[in-house]
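What follows is the residue order along each chain.
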Amino acid sequence: MVLVYSDNKKLVFEMLNVAVELGKNTKKEVIAVIIGKSDESLAREYISYGADNVFIAETNFETFKAEEYTDILSKVVEETGADTILIGSNKNGKELSARLGGILNAGCVVDSNNIYIKDNNIFAERVVYSGNAIAILKFNSKPAIITIPPKAFDPLKKDEKRKGEITKKKIEAEKSQSKILKVQELKSEGVNVEDAEIIVSCGRGFKNKEDIKLVNDLADVLKGKTVGCSRPIAADLKWLSEDHWIGLSGHKVKPKLYIAAGISGQIQHIAGMRDSGIIVAINKDPEALIFKSADYGIVGDLYEVIPKLTAAVKEKMG
Amino acid sequence: MNIIVCAKQVVDVSEMKFDSSTKKPILQGVSQKISDIDKNAMEEAIKIKDKHGGKITVLTVGPANAKERIKELLAMGADEGVLVVALDNIDYHMTATLLAEAVKKIGEYDMILCGEASVDLFSGQIGPRLAGLLKIPQITYAMKVTAEKNSVTAEQNMGKNVVTSESTYPALITVTKEINEPRLPSLMQILGAANKPINEYTAETLVKDVKPVVETIDLKGVSMERKNVIYKNDLDESVEQLVNSLAKEGVLGG
Chain Z
1 MVLVYSDNKK
11 LVFEMLNVAV
21 ELGKNTKKEV
31 IAVIIGKSDE
41 SLAREYISYG
51 ADNVFIAETN
61 FETFKAEEYT
71 DILSKVVEET
81 GADTILIGSN
91 KNGKELSARL
101 GGILNAGCVV
111 DSNNIYIKDN
121 NIFAERVVYS
131 GNAIAILKFN
141 SKPAIITIPP
151 KAFDPLKKDE
161 KRKGEITKKK
171 IEAEKSQSKI
181 LKVQELKSEG
191 VNVEDAEIIV
201 SCGRGFKNKE
211 DIKLVNDLAD
221 VLKGKTVGCS
231 RPIAADLKWL
241 SEDHWIGLSG
251 HKVKPKLYIA
261 AGISGQIQHI
271 AGMRDSGIIV
281 AINKDPEALI
291 FKSADYGIVG
301 DLYEVIPKLT
311 AAVKEKMG
Chain V
1 MNIIVCAKQV
11 VDVSEMKFDS
21 STKKPILQGV
31 SQKISDIDKN
41 AMEEAIKIKD
51 KHGGKITVLT
61 VGPANAKERI
71 KELLAMGADE
81 GVLVVALDNI
91 DYHMTATLLA
101 EAVKKIGEYD
111 MILCGEASVD
121 LFSGQIGPRL
131 AGLLKIPQIT
141 YAMKVTAEKN
151 SVTAEQNMGK
161 NVVTSESTYP
171 ALITVTKEIN
181 EPRLPSLMQI
191 LGAANKPINE
201 YTAETLVKDV
211 KPVVETIDLK
221 GVSMERKNVI
231 YKNDLDESVE
241 QLVNSLAKEG
251 VLGG
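Each protein sequence line maps, in turn, to chains Z and V.
Just so we're aligned, residue 1 is where the first sequence starts under my numbering, counting upward by one.
Just so we're aligned, residue 1 is where the second sequence starts under my numbering, counting upward by one.
Derived by calculation from the structure, the hints in this document are not laboratory data.
Among the hints, erroneous ones may be present.
[Said to hold, decoys possible] Here are the simulated DSS-like cross-link-like pairs (lysine-lysine), alpha carbons at most 25 Å apart as the crow flies:
# : chain 1 : residue 1 : chain 2 : residue 2
1 : Z       : Lys10     : Z       : Lys252
2 : V       : Lys208    : Z       : Lys142
3 : V       : Lys160    : Z       : Lys37
4 : V       : Lys47     : V       : Lys71
5 : Z       : Lys308    : V       : Lys227
6 : V       : Lys208    : Z       : Lys138
7 : Z       : Lys187    : Z       : Lys238
8 : V       : Lys160    : Z       : Lys179
9 : Z       : Lys254    : V       : Lys160
Work out the full structure, taking the sequences as your base and the hints as a guide.
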């Protein structure tokens, strides 16, 4: 059996695509898992996106806690005899899959966007060394646990006529010694850099928080309207909220145009934007690393370059 | 308060070279360092020890030369080190199993601190795996930790939300880079570290017959072929050329 689980249903839709492919190759059924309250309409949706069956693990736990969800999921694995487990790669999913790997003494590959079967073995590839290499990993034992990031795969075409079985079962899990005291929304400006087609990013080359307006103006005329930034701006200076942060521990983006202004180009930042279509760099240091990763670059003071660029783009686009 | 800090020796990715034809990374001869975020874990451990007293043990699974890296953490403020010498090609399952056995050798502990992930491979598996093997609570991605006598509270960065969690001891906590600024040891501390004990174990003495469940078959190179057209002369001219190029590429607007 191929199990698919995430607390984000969009990720489940996407993962079902790979699950169906793996299921076909190994002649195994695909089971989507729901943990929590029974939700039959969601279960039917999973079936319409490719799940053969849906397993609803009913619990009374109100919120996600890795220890408890791992316990539940390990029981679902036992119950279904699953040998491949696909988990959505958000933060909950990652800590869940690694703990599950620990408990089951099973292999786990995090953030894979290429999974295939060769000589009856499951292979998964993932980006390592800050985006500078791809590791080809082979599972030697079962079950195989793999987490899949958002947008790695497109969902299959929805087919509401597809039939499948829905199994409900109450699963008891050991209560954790930890408890959640508070859940607060992380400060966010509602930006979604992952979906953006054009991104203008700022880095340490900016001297004041107010100067980010320059980037905003350029993003506006480009009709991209999306502003990104490197680590110092979001994490250290906190001039922008973390939803703007592009890099290894921030967001990974692939817009058709990425403009990096005042960003030196440390590998952690490059790791977040290397898949962009065209990359433009603006930096006053001709030796800045960012130029090595750029298609086009202007060596100059961003305080002079950006206003001129904004005006020129405006003129060009009419 | 007895604290164990798990730390990994990694290659310094910024100094990695690549084979010019295959684009594969060349790992031999690249300088080694303690994974940055593990130093944040170390710093947090020192702060907790300053408040409650106790002992900090640094635990590493790695090659024999990782001993030098452990000394850096002893200089920062750890009391003793434990090195489990293992082969290079071990997987997360083996590493976590060895760590769990080493933790049992260390004995009583209240808290295990790890970085959220190592900066070379960035999987973030070791913390949760180890917590699973030891059957203790895990609090991941902590950007603030407050340790009290009988419980620990942490603010976790879970992406969309900040989750404040509390746990009794023992607990495992993984920290983010934002939690603190790791201190630089003084010369006196560096010299003093030479006298602190480092216990070494071989992998075989801790665990018999543990095999990798995931094998790294190969590392593929990633080509980062970019046009590298850099304008550096007259600014007005440069801007005009850039805008024309972008228009030609079809990436302006729409």
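Each hint tested on the structure:
1. Simply put, Lys10/Z and Lys252/Z have alpha-carbon atoms about 18 Å apart, close enough for the 25 Å limit, and the pair holds.
2. Between Lys208/V and Lys142/Z, the direct Cα distance comes to roughly 20 Å. Compliance with the 25 Å bound is thereby established for this hinted pair.
3. Distance check on the hinted pair: Lys160/V and Lys37/Z sit about 22 Å apart at the alpha-carbon level, within 25 Å; holds.
4. For the suggested pair Lys47/V and Lys71/V, the alpha carbons sit about 19 Å apart, so the restraint of at most 25 Å is met.
5. A threshold of 25 Å between alpha carbons decides the hint, and for Lys308/Z with Lys227/V the separation of about 23 Å falls inside it, so the pair holds.
6. For the proposed pair Lys208/V and Lys138/Z, the alpha carbon gap of about 23 Å is at most 25 Å, so the pair holds.
7. With a C-alpha separation of about 10 Å, the suggested pair Lys187/Z and Lys238/Z falls inside the 25 Å cut-off, and the hint holds.
8. A threshold of 25 Å between alpha carbons decides the hint, and for Lys160/V with Lys179/Z the separation of about 19 Å falls inside it, so the pair holds.
9. For a cut-off of 25 Å, the pair hint linking Lys254/Z to Lys160/V stands: about 20 Å separates their Cα positions.
In this structure, every one of the numbered hints holds.
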